[in-house]
Every structure is written in structure tokens, then in C-alpha cells.
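> Protein sequences, first through last, are from chains X, Y and U.
Throughout the first sequence, residue numbering follows the UniProt record's numbering, covering 1 to 107 in sequence.
Throughout the second sequence, residue numbering follows the UniProt record's numbering, covering 1 to 556 in sequence.
Throughout the third sequence, residue numbering follows the UniProt record's numbering, covering 1 to 320 in sequence.
Read the hints as simulated data drawn from the structure, not as lab findings.
Any given hint could turn out to be false.
Straight-line Cα separation of at most 30 Å, DSS-like style, residue types lysine-lysine; simulated pairs [claimed, not checked]:
{"hint": "1", "chain 1": "U", "residue 1": "Lys-9", "chain 2": "Y", "residue 2": "Lys-554"}
{"hint": "2", "chain 1": "U", "residue 1": "Lys-164", "chain 2": "Y", "residue 2": "Lys-554"}
{"hint": "3", "chain 1": "X", "residue 1": "Lys-7", "chain 2": "Y", "residue 2": "Lys-498"}
{"hint": "4", "chain 1": "Y", "residue 1": "Lys-98", "chain 2": "U", "residue 2": "Lys-203"}
{"hint": "5", "chain 1": "Y", "residue 1": "Lys-554", "chain 2": "U", "residue 2": "Lys-310"}
{"hint": "6", "chain 1": "Y", "residue 1": "Lys-179", "chain 2": "X", "residue 2": "Lys-7"}
{"hint": "7", "chain 1": "U", "residue 1": "Lys-164", "chain 2": "Y", "residue 2": "Lys-429"}
{"hint": "8", "chain 1": "Y", "residue 1": "Lys-552", "chain 2": "U", "residue 2": "Lys-286"}
{"hint": "9", "chain 1": "Y", "residue 1": "Lys-552", "chain 2": "U", "residue 2": "Lys-306"}
{"hint": "10", "chain 1": "U", "residue 1": "Lys-286", "chain 2": "Y", "residue 2": "Lys-214"}
{"hint": "11", "chain 1": "Y", "residue 1": "Lys-554", "chain 2": "U", "residue 2": "Lys-203"}
{"hint": "12", "chain 1": "U", "residue 1": "Lys-306", "chain 2": "Y", "residue 2": "Lys-554"}
{"hint": "13", "chain 1": "Y", "residue 1": "Lys-179", "chain 2": "Y", "residue 2": "Lys-51"}
{"hint": "14", "chain 1": "Y", "residue 1": "Lys-552", "chain 2": "U", "residue 2": "Lys-310"}
{"hint": "15", "chain 1": "Y", "residue 1": "Lys-36", "chain 2": "U", "residue 2": "Lys-203"}
{"hint": "16", "chain 1": "Y", "residue 1": "Lys-554", "chain 2": "U", "residue 2": "Lys-286"}
{"hint": "17", "chain 1": "Y", "residue 1": "Lys-552", "chain 2": "U", "residue 2": "Lys-203"}
{"hint": "18", "chain 1": "U", "residue 1": "Lys-203", "chain 2": "Y", "residue 2": "Lys-94"}
{"hint": "19", "chain 1": "Y", "residue 1": "Lys-552", "chain 2": "U", "residue 2": "Lys-164"}
Simulated restraints on C-beta separations [to be verified]:
{"hint": "20", "chain 1": "X", "residue 1": "Arg-20", "chain 2": "Y", "residue 2": "Ser-527", "range": "19 to 29 Å"}
{"hint": "21", "chain 1": "Y", "residue 1": "Gly-545", "chain 2": "X", "residue 2": "Arg-20", "range": "41 to 51 Å"}
{"hint": "22", "chain 1": "U", "residue 1": "Glu-13", "chain 2": "X", "residue 2": "Glu-62", "range": "31 to 41 Å"}
{"hint": "23", "chain 1": "Y", "residue 1": "Ala-22", "chain 2": "U", "residue 2": "Tyr-291", "range": "48 to 58 Å"}
As the structure is a prediction and not an experimental result, all values here were calculated from the model.
Ideal Cβ placement from N, Cα and C applies to all residues, glycine included.
In case you want the letters, here they are:
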Amino acid sequence: MALVHLKFSFDGIPGASIPREWSHSGVVGSGDMEVLLTRREQNGRVNVTVCTPVSGFDRVWELVLRRFVAESGCGDLELEINDNNATPFVVGLRLRQALLEARGGEI
Amino acid sequence: MQEMSTQTWNALRCDTAERLNAAAEILGDGKIVAAKDVTRLLEAVIHPGDKVNLEGNNQKQADFLAERLCRVNPKKVHGLHMVQSSIALDSHIKLFEKGIAEKIDFSYAGPQAGKLADAIQSGKVRLGDIHTYLELFGRYFIDLIPRVALVAAYQADRDGNLYTGSNTEDTPVIVEATKFKQGIVIAQVNEIVERVPRVDIPADWVDFVVPSPKPFYLEPLFTRDPALITESQILRAMMALKGIYAEYGVQTVNHGIGFDTAAIELLLPTYGEELGLKGKICSAFALNPHPTLIPAIESGWVKNIHCFGGELGMEQYVRERSDVFFIGPDGSPRSNRTYAQIAGHYAVDMFIGGTLQIDEDGNSSTATARRIAGFGGAPNMGCDPKGRRHASPAWLQCGEENGQREALVGRMPRGKRLVVQLQETFREKMAPGFVERLDAWNLMENAGLSIPPVMIYGDDLTHIVTEEGIAYLHRCRSIEERRAAIRAVAGFTPVGLKANPSETRLLRDRGIVKTPRDLGIDPARASRGLLAAQNVRDLVRWSGGLYQPPGKFKNW
Amino acid sequence: MRYSELQRKSFLEATARERAIGLTDEGSFTELAGPRDRMMSPHLPILGEAVSFDDGVVTGVGLVGEHPVFVISQEGKFIGGAVGEVHGAKMAGIFRLALTAYDHAAQEHPHDLERYRPAVVVSFETGGVRLHEANAGLLAHAEIMDLIQDTKGKVPVISLIGSKVGCFGGMGFVAAATDVILMSPQGRLGLTGPEVIEQEIGKEEFDASDKSLISRTTGGKHKYIMCDCNELVEDRIGAFRDALCGLLNRPYSSLCRCRRIGSYELVREQMALVRLAAQLNPSDSKDIWRYYGNAEPDLIPEMEVKEFLKTAHRRPREVE
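Just chain X, with the same shape it has in the complex (with noise of 0.2 Å):
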């Protein structure tokens, strides 16, 4: 019945943070998630924390945060995630958008 909470740690890119100090980015809704990006300076790694509802997806979460690390060239960042039964295509759009909106892009 609890809340599962998930942690999981990747090699990123050394100085591949966010310009400011935090971000957040999305809206815990049925199917949808929330992120909270942090800037910190750790050889690039990049560290998660997944607070989910849904029990049994270790495996795909990890699978789903190490593509979009990978993908995506970030690093030296710490995620907060907050996630309500999103899936695995919501839960890489959502992070790409986290870091584009971090990075001053326009979504």
C-alpha cells in the first residue's frame, strides 16, 4: 500500500549540469509526474530518486532513466522524481522537458 521509493545512480557528463541553481518541471496528474532538478558538482554523476505509487518497475525505471541520461548528455544533476502511474514514453518526454526548460529552452 506504501509509497515506493526507488533510488538509482548513473555516469553522466562532467560539467553537463543545469545553469541555475534548480528547476522543476511537470505536474503530478493521473499518468503524469513531477521533477525537481538540482545542480550538483559530482564528477558528473547523476543520482534519482523515483516516489511512486505503482510497485514491481525497478527494472523499467532504471532502464528509463539510464536512456535519457544517456540520450540526453546531461550531468552533474540530482532528480527528484514524484510520479503517478506515468509510463515509460510520459516519463522520458517529461524528463527531455525538465531539461530543456532548465536550460532556458522553450518548450
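Position chains Y and U against the provided structure of chain X, taking the given hints into account.
Frame of chain X; chains Y and U shown alone:
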């Protein structure tokens, strides 16, 4: 004059005459029967064990007659074998619970799918089989001939001529199968008029007409609110337009029901225009009057549309667009489902729609373990009809690419129809869209079916579109290759996790799998701003006020 | 998203944060108790329900001209915008800040208070109490009601209603108690939500699947005709902002006259409406629209805002 020989060739006709006499004894002469007398009429003309057709499909319903049939005395009328397109109303299940009916042959069970599964498991319903519409219509003339048919029409005149208007749907096929085999036809009508606008069913094929206290129930089944279309659906729609419609120049199409195809319809005037596809694709449809097609029609994309039925709220719009839709001399469409099904089966180059589950071999089904939803017409649209077919550029190109053609027909040129499924790798609540074993297998066991209720078989399927990519399955040379292509677009589902990256790379090199990037599509562009209409109100604006959505969809 | 784009964006489709930023002057909005403070519900995790860093409400302060504007903006996508403990506390906190700001303004600008007077703006999107933490949610409602009374004579409280969920349940009472209500036609305002009415009294009384009926009964146009909402604007953030700027340019006393409850005379006016309802026994809002002089009520739902405002006849107010 009675024939007196021992061998009789008109037993059915005699039996019918007896039943009609029994009715006349109770109700007197005349075709018009008051609502209060209907139960007694049904008890007089229906005998135990009869095959009875109760009209109703996924749109109009002979709901009043269904409700009255539930009120007959089960001691007098029982053991009926129902043959009908859909199981949609509570009364359809109640017939079995009350012991009036015991067996059913049908096509589609939308909202009653769960109750039907329960009733079959508890032994209240004996299932004949689940059909496609065309198949069921065919069997009405072979081995499921209705003895009595209960149908619905908008209007009747005093002679019994029926006007079925834009919701003619199944009425002609049911009435013809019944009446020409000496059966009895009873019609519920919304009103009796002096003169019907058009005779859809001639009076001498109709035995009784019942003015119904309420207009027949009509479900706006094909209306999709653009406000609910997601970015994922828009991405798949973009991929389908560029990677399939444009790639094959598909001109004649049937769209399945759902938000995926609604997204495609709403992208034609925007993304389709940008790709320069106007005139090159989608000029003709076998399709219900989808409100989401209005922007494409208004932008001049569509030459003609033939409909299976009507759609609530679209009547006036359809009427005012007689260059596009099929409109009778009286000014309203007819929408004969049989013809539209034939057109969708044989005359269009592509079926494209969504499903619930696809297995590793490409078989797909909307069945779940506890629901018997049936299929309607989808399996007829969603297949490559065997046998001879006219050649069209899209069909020829797809056949040209067919990796197994030589193994099957040697060097003989043969085209292939495009059968496309749009599928998000995960649906809501993280239900995987690709599975190792379809739920249809469990349903087969639970419901005692002889085979799993598959909607589209893997060997008919030519393309799968997911947010991960398009699999061009027909280009594969073997089932192993097809499986690899399916895995490659199945994302992070249990099936997708088995994909081997180097194998996928090879399939991409050969054009069997194309990712959004291979197609030159930036997923970040998949935003709701691309839709030609954002909500139902926008659709009304596009239609110049001619589309009048029902209250359920009208939030103003 | 650029500020100019935000102004053009549909208020209905906008998130709570977009509304908060777009309603105040460009670059002036500062979020308080925002996502980074991670003030989340302590109750939802135990129930296995998803949580949000802002607990479904964006709170902060910005400027409209010289006025400090204290903003509460609810997010309907998170548990229907329902008010739980943290969500409610954040709302109450904003009212308190506004009252403190008023004291400062009164001290600093005693002769120019009209120009510097703070305001509270609530962009409602909620069904009221969050059932998962109902006691805390109910208490929050009472606290906010109390605080609204404290604002009287000091700080105008302005309700903006034009989001998907509408404003129902206890928060419908709260909105009614504010000074001014702005709505778009897409806005919905009521006490008992449509689904609850259907569930309690039956589909014959109220068919909650009939969205058009819901709009006619609780929507912006109806509320405008009934004078339950003071102004009707188009569904754009910029349109709400323009109306808000217009209000804040008016003397405070004129905003106080927008209230529909809060005095003996206003209560009498409301009671007269109850008698009228019993006497007319309307079967649909259209009957009342006609009663107030709208000869073709069928056309009203179809009208764009401009045309509607030009032609609509409203209920005459008894108390000016």
C-alpha cells in the same frame, strides 16, 4: 386454398400464418400495435426455441422491444436462441437471467462484456460463437436464420413502410433474412407519420409496427473529444502519417475507433499539410461520421466517405456535405452497414487502429480474461482478404515489399493490403501493450471457447506503430525476423526487454524497423498545438455550427 | 514559456503555476513554500497515494502595478485540487501574509493606500475537502473562512474560476465569501458537485454525464446572468489578468460592493431568490434566463463572450 398432399413445402408459411392468427385473436387486425400490447404480441408470435433477432449494434438499439421481450412469461416463451449484432443493454443479459433465452450468437458486446462473461461462466448463457458483422450477416442466410426479428426505425407510415434514415445500419439485412424465409418482423418506431421521407423497408416486409414511448437509444460511439488526445498519440500519428500514409500513398482508408486515429484525423490539416500530402493520401474513407474528421473535410482533404451508421450530432453536417457523404434524394444518409462493411473489407487499401494487447508473434486482441467484448467489424477491416483483388499503388507496393511472397506464390506479382496497429508500449496503470501470452487464452478457458478470440492475426498485420518506432512486419522473411521486429518496437515491456540491440540495428539498416529519428521526426514536436482542433467547441467552429454535439460532449 | 505566450494561453489548459506567473506582472512572481521546500502531505504516503512537492497548490506573491498581489493557485490535476492539510495551510499562510502586508502598507502609505493596497487572488480549481485527510481539510476550510472575514475592510479577495475541475464543495462556499468573482464561460462554480447530486438524488434530477447541463447550471455564463459572478472574461490567462488589473485600479470600496453575502440586505436579496426559485419552479437554467429577459435562451450557450456580454440580460441587483 390449402394444399392437401402429405408432402408439404410450406410448413414455415403455415406456421407463420398460425402465429399471426394468434396475434390477431388477441389484438385484432392492423399492423400498428400499442406499446401496452407488445408483451402479449411477443408471447403470441414467438415460440420456445425460436431463433430471434434483436436489432442493435454499437449505435442504434431496438431497446423498447428488448425491454418488452424481457417481460414475456418464461413458461410460454423460453429457450430462445438469440442472433444479434451486439449485446449492449441490460435487457440483453436479463433475457438470459429470466430463462427466456438460452443461447446467443453475436458480434460485439461493449458495455455488457463483463456481465456476459459472468453469465457464460455461470451457465446462464450458451455461447454459439463470436462473429464479425459480415460473417453474422452471412449466417442469417445460411444457418442462423431468424424466425422473428425485432428491429428499430425512426418512422413508419400507417401501412408499415419504415424510414431508418441515417441509422439504417443492420435493418435491411435482418429484415430480408427474416421475411424472405417466412419469418415475422416487428418494428419499434419513434413516430407514426402520414408519409415517410423515404421507404427504407417496404411495408409488406413488416408485420407489426409499435410506436415506442421513447425514441430508440443511440450511442455516440465514434465521438472523440480532442481535449483528451495525448502527446504520445500525437507522436504515433505523426509517425504513421510520415512512415506509412506518405510512404505508400494510401488513398483509401478505414480508421478504427479511438484516440489514436482521431489524432491522425486532426493532424491532416496541420502536419499532413506541412508534409505536402494533401491530395496524395486519404481521399476516400469507409468510416462513420467521425466529428474529428471535420477539419480535414473542411480543408478539402477528403473526396468521399461511406458510413456504417450515423453519429449523434453529425446529422446536419453530413446532410450539408453531400459531395462527401452518401445522401439519399430525401436529403438524409442511409448508412447500410452491410455495404460499408463490404467496402471496408474489400475496397480500401488500409486499416489502421488500436488494440489492447499484441503478442510476440503479432497476434492481437482486445479480449481480457473477464470480459467478452467481441469484435464488431474490426477483423474484417483488419485483415488482408484472401483471393483476387484490384490493384492499387499502395497495395502493389506493400506486396512488392512482402518478404514471404516468393515462398508463397513464387514470382507471381501480388499486392498486400496494409493492416496497421497503433500501440503505446504501456497503457494507463502501466498495463503492457506487448505480452508474451494474450489474455485471450484465459478468456478461451473461462468462457469455453474453441479458440482464443484473436481480433487481428499476426500474418495479416503489416505494420506496428509505437512511440519507439514502426515495425514493417511484412518486409520480414521469416517469423523469427517478425518477432525480432516486434521486440524492437515493444519498448520496456516484457517482450521489448528481450530485444537484442545488434539485431535491432540490423533491422533498422534494412528498413524493417524505423525509429522516430530514422523517420526524421523530433518527438519534442509532438504537442497538442499540432491538432487542428483542441476541443469539441473547435470542431463545432470548423463545421460552421453544423455539428451539434450531444450534451455528453458539449461542455458549454 | 515566454510571458507573452503565457498571456495568450488558455486559462482552462494552464497549470496552476502558469496561472500564478501569468496573472501577476512580468517577472514579479515569487513562489513561497514552492516545490524546492518539499512540503508534502504526510497522509497520502500511508495510503499509497502519489504525493506532490507543492501538495497541489502554488502560493506566492507578485505585483500588479504597485499592488502586492498574494496568489493562491490550485492544481486540479493533482487529486482534483482537493484541499488537504498542507494545501490548506499554504492557503491560510497566504491570507496571513496579505494581512501583514496590509498593516505595512497602511503604515508606510497612509495617504496613498489605494495605490499600495495588497490583494489576495485565488485561482480556484478544486472539489473542496481532500477525503484522504478530511479532518485537516475541513479545518483548513474553516480557517480560511475566518481569515476571509479578517480581510474585510483591509484587503480585497478576488476569485478567479476558469479551470477544468471548477470550484465545488467547501471551496464553493469560500469563493462565495470573497469580494469579487471572475469567471470564464468554461468556469464552474457550485456547492454539491454534479456527480454527487446524481448519486444522491438520481439521474432524473441531474444527469452528470450531460456536460452541457452542467455548464448551464454551474458555468460562467449562468453565474454571470445570476450575478453570482461579477465579470465574465474569455478563456485566456491574459483576459483574466486584464480584468484583474481593471479591478485593482478601482477604489477598494467599489470592490466591496461586488459581494453577494455579508450584510442583512444581501441576505434578504438571497432569500428573495430562494422564493423566486420556488415560484418559478424552473426545469432548466434557460427558464431563468428567459425570466430575466433573455428572449432566446437557446442561443446563449453558443455565443462567444463578446457577443454574450453585449446582449445578455442579468438579474437586477436589489442591493447596489
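> 31 to 41 Å was suggested as the range; check whether the CB atoms of Glu-13/U and Glu-62/X agree with it.
holds, 33 Å
> Is Lys-7/X close enough to Lys-498/Y, meaning Cα to Cα at most 30 Å?
holds, 24 Å
> Is the hinted range of 19 to 29 Å satisfied by the C-beta distance from Arg-20/X to Ser-527/Y?
Given about 24 Å between the Cβ atoms, the range holds.
> Could you grab the alpha-carbon distance between Lys-554/Y and Lys-203/U and see if it respects the 30 Å cut-off?
holds, 18 Å
> Within 30 Å, alpha carbon to alpha carbon, are Lys-552/Y and Lys-310/U?
holds, 28 Å
> Lys-36/Y and Lys-203/U: Cα distance at most 30 Å?
holds, 25 Å
> Going straight from one Cα to the other, do Lys-306/U and Lys-554/Y come out at no more than 30 Å?
holds, 20 Å
> Below or equal to 30 Å on CA atoms is what counts here, so check Lys-179/Y against Lys-7/X.
violated, 70 Å
> Are Lys-203/U and Lys-94/Y close enough, with their CA atoms no more than 30 Å apart?
holds, 22 Å
> Given the hint that Lys-554/Y pairs with Lys-286/U, test it: the Cα-Cα distance must not exceed 30 Å.
The given pair, whose Cα atoms are some 16 Å apart, holds under the 30 Å limit.
> Regarding the pair Lys-286/U and Lys-214/Y, is the alpha-carbon distance no greater than 30 Å?
At roughly 23 Å apart (the allowed maximum being 30 Å), Lys-214/Y and Lys-286/U satisfy the hint.
> Against the 30 Å threshold, does the CA-CA distance of Lys-552/Y and Lys-286/U hold or violate the hint?
holds, 18 Å
Hint 6 from the earlier list is the only one contradicted by this structure; the remaining hints agree with it.
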